[in-house]
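Chemist: Each chain is listed here by its residues.
4 protein chains.
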Amino acid sequence: MQAAFVPQDPDYDSRVRASFAAQAMMTTLHAEIADLAPGRVDIDFPHQDGFTQQHGFTHAGVIATVMDSACGYAAFSLMPDDAAVLTVEYKINLIRPAQSHRYRASGHVVKSGRTLTICQGSTYPIDEPDEPIAIMTGTLMAIRDARIQH
Amino acid sequence: MQAAFVPQDPDYDSRVRASFAAQAMMTTLHAEIADLAPGRVDIDFPHQDGFTQQHGFTHAGVIATVMDSACGYAAFSLMPDDAAVLTVEYKINLIRPAQSHRYRASGHVVKSGRTLTICQGSTYPIDEPDEPIAIMTGTLMAIRDARIQH
Amino acid sequence: MQAAFVPQDPDYDSRVRASFAAQAMMTTLHAEIADLAPGRVDIDFPHQDGFTQQHGFTHAGVIATVMDSACGYAAFSLMPDDAAVLTVEYKINLIRPAQSHRYRASGHVVKSGRTLTICQGSTYPIDEPDEPIAIMTGTLMAIRDARIQH
Amino acid sequence: MQAAFVPQDPDYDSRVRASFAAQAMMTTLHAEIADLAPGRVDIDFPHQDGFTQQHGFTHAGVIATVMDSACGYAAFSLMPDDAAVLTVEYKINLIRPAQSHRYRASGHVVKSGRTLTICQGSTYPIDEPDEPIAIMTGTLMAIRDARIQH
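Chains as they are written, first to last, in this note's numbering: chain F, 6 to 155; chain S, 6 to 155; chain C, 6 to 155; chain L, 6 to 155.
No wet-lab data here; the hints were simulated from the structure. Misleading hints may appear alongside valid ones.
The list makes no distinction among identical chains, and a pair is therefore deemed to hold if it is satisfied within one copy or across any two copies.
Unchecked claim - Derived EDC-like pairs: lysine to aspartate or glutamate, alpha-carbon spacing no greater than 16 Å straight-line:
{"hint": "1", "residue 1": "Lys116", "residue 2": "Asp135"}
{"hint": "2", "residue 1": "Lys116", "residue 2": "Glu133"}
{"hint": "3", "residue 1": "Lys116", "residue 2": "Asp87"}
Bound conformation, chain F alone (with noise of 0.2 Å):
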């Protein structure tokens, strides 16, 4: 169902890079980009104690913060090189427990627009790629004003 993307910005490997490095969270996450290619993200973080719910497994919070920046810079990939990507929304399914040391993001486009993007992404433990833990769909949207705003 996927096409191949050709990206607006040749420089989106670097651009996507330095943002990535900018967000606090990913580092406090010990999140790393794995793969990246034109409309798709790949990232790995691994399970760590102080993020747990109650019953220890990884808390699904930290599933969706990294799932949607995996679904966030697949999009900002395609964006031209001015543009800022902010999340609309995004809706995600928990499918099995988050019982592993070590998880895989994947983030994917499946529409690119002028102004909005819509993309898919599945997490699962790094070892079992055919079980993913959870699902998303989000719409991410691209803004040029100097001003951040939705």
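Add chains S, C and L to chain F, keeping to what the hints say.
Modeler: The following block gives chains S, C and L in isolation, referenced to the frame of chain F:
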């Protein structure tokens, strides 16, 4: 639209607080229960520099995490004393920039069922309750099995 | 949580009604605007035997269709007079069986932006306003281009 | 990402078709099952002039209705023979204008659980399978009680 709810468990308050205290994630985010009633939970949390997105605002992942907890504990407050609560899914809209120093995430039950509970929530700057930065709708599930599963 | 909205277009009422009248789908569903104010629209519609699911209840698709219209026209009422409105996405929770003879779908604006408007809605049996059968959150987009595109 | 599913009910095909035939809404929309396999259902439907939005395109409500059915029957195909299926919630993104004369809505199971099943779907013009006009994620519930309830 919201009726008064009668809790099945008279000790709902201490049960909710014990579960909240067991979430390491809430401690990491310095999140605190500000108000708790049957079917309604408010949680306060501060901006932290280690939890920001690329423009220095509070990361949407933090907001989603705490608002999901507010919704989850609103649902949990109405469940019987032998039930665990799991988030099945949620959808969040990010509607204003998160530029405050402190926020309140408020979750309330819309419909309480035997298996599923539907909640809605909003998050706003602590001193601007009429200017929500995000809204959420979520589905929570009561689990009675010893072994937690979806 | 909801502020009073001031319409940009003083003729918002007739503009909304003209667009509603142009939707053949609303005529087919015998849907009627019951109330209309800036940022808020109520639409009434009956059960019809040709629009049922497998147990003979009103089909969720009918409920979603009318509630999406209520949200869309609530958004449209606040847009400038040269704008068209498109639904970007919505999420619906079906929370009670749809067993009534007549329903009201109510949509209101949560946040009105230049490009995007966020709405929430609910649908309930006309004689049971406190027992909603479904709730919705949606994102609507103002389109000013001559040629409609996302 | 999608594994092969083994149906619990060997007569899943006739059970799905019987339930589909009982939905008056599908008849009204001239919707037909085009393909049916364990965990996957395709439904075709035409544009009809009585089911349009204000610009004359196929109404999003029709697309959502049929795609919800495709997801619902994909889930139902994997349920035991004494179960009924209910849609708990879905989220739809409308990503391209619906300007075709005929569409295919395709739904497949992402995760099949004892109580809940998670599905994803897409709808595309029958002659443009790589250009989806809408995508959906939904949660379906198996109901075994004699009296249907959420």
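Chemist: One pair to classify: Lys116 and Glu133, alpha carbons no more than 16 Å apart. Within, between, both, or neither?
Modeler: between (27 Å within a copy, 15 Å between copies)
Chemist: Indicate which option fits the pair Lys116, Asp87 if close means a Cα-Cα distance not exceeding 16 Å: within, between, both or neither.
Modeler: Result: close neither inside a copy nor across copies, 20 Å intra and 26 Å inter.
Chemist: Within a copy, between copies, both or neither: where do Lys116 and Asp135 come within 16 Å Cα-Cα?
Modeler: between (24 Å within a copy, 11 Å between copies)
When the structure is compared with the earlier hints, a violation turns up for hint 3 alone.
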